[in-house]
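**Student:** Sequence:
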Amino acid sequence: MPTAIAIGNMFGGNASGGIGGGTPIPPTPSGGFKMTVNTALTGTSANDEFKLTLYSGDTYSFDIDWGDGTTDTITAWNQAELLHTYSVAGIYLLEITGTCGNIKYSGSGDILKITDISNWGGSNLNIGGGGAAFAFRGYAGTITATDSPTISGDLVGYFYQSTFSSGCSNWNTANAASFQFFLLSNSNWNDDISSWNVGSATTFSNAFGSAPVSTANYDALLIAWSAQTVNVGVSLTMGSTQYTLGGAAEAGRATLVTNGWSITDGGGI
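Letter 157 of the sequence shown, counting from 1, is numbered 197 in our numbering, and no numbers are missing.
Careful: at least some of the hints might be erroneous.
As the list claims (entries may be wrong) - Pairs of lysine to any residue, SDA-like flavour, derived with a Cα cap of 25 Å:
hint, residue 1, residue 2
1, Lys91, Leu81
2, Lys91, Ala116
3, Lys91, Gln201
Because the hints were derived from the structure by calculation, they are not lab data.
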């Protein structure tokens, strides 16, 4: 089942959304899926271009505001208009509204031109499905969005080999089962995800890999997740992350283990 991220209604025009060679206008935390791109950064397109890469196995019917006063309506994964040429190379705020299906960057294309995800938006941006159809593999930007995607499926391999440090704490994960490889090979991530609803989770195997999660954030996770009604036999891989002995975190970990969870971490301190 694909994972759906909700995208809201487009907010008026955005003719001033991009500033060639300058600083992007701070995005308003409403509307559609928004991301900032710097066309001059490394990518497969020219330094005055940006290409949105879509998954071939989905349907599309969305509008994209390119941040320079122009828009396109996209109805096919390989539509020519997905490659956009700007009059001036620089930084632009893009907004997608409608049924976008799956965006897919597998560590190539123009993934390094995306510098920030500032809004997840309303419905119909599917970020899941077979073969990690939504993928920001190799993402080196930030996530400043404070809203939550509407997630209706698994979160497998979304940000494999990414380098961002936070931006997932407010996600509503109640409907996600598999988190396998979610942030594998991210050596910077340290987010407090204790508020995640993991009642449907079946595996966190290699979800966080070598991420340097702090003891404080891991403690909060163990305490909060152990208080939820969770599935039996879940695998949780936390790398070398350690928890605090002699308190609620150790007790929470023990509760999860008693419930059949297989937890790999750096032990207690």
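**Student:** The structure should be examined with respect to each hint, and the outcome stated for every one.
**Tutor:** Comparing the hints with the structure gives:
no. : hint           : result
1   : Lys91 - Leu81  : holds (12 Å)
2   : Lys91 - Ala116 : holds (14 Å)
3   : Lys91 - Gln201 : holds (20 Å)
Taken one by one, the earlier hints all hold for this structure without exception.
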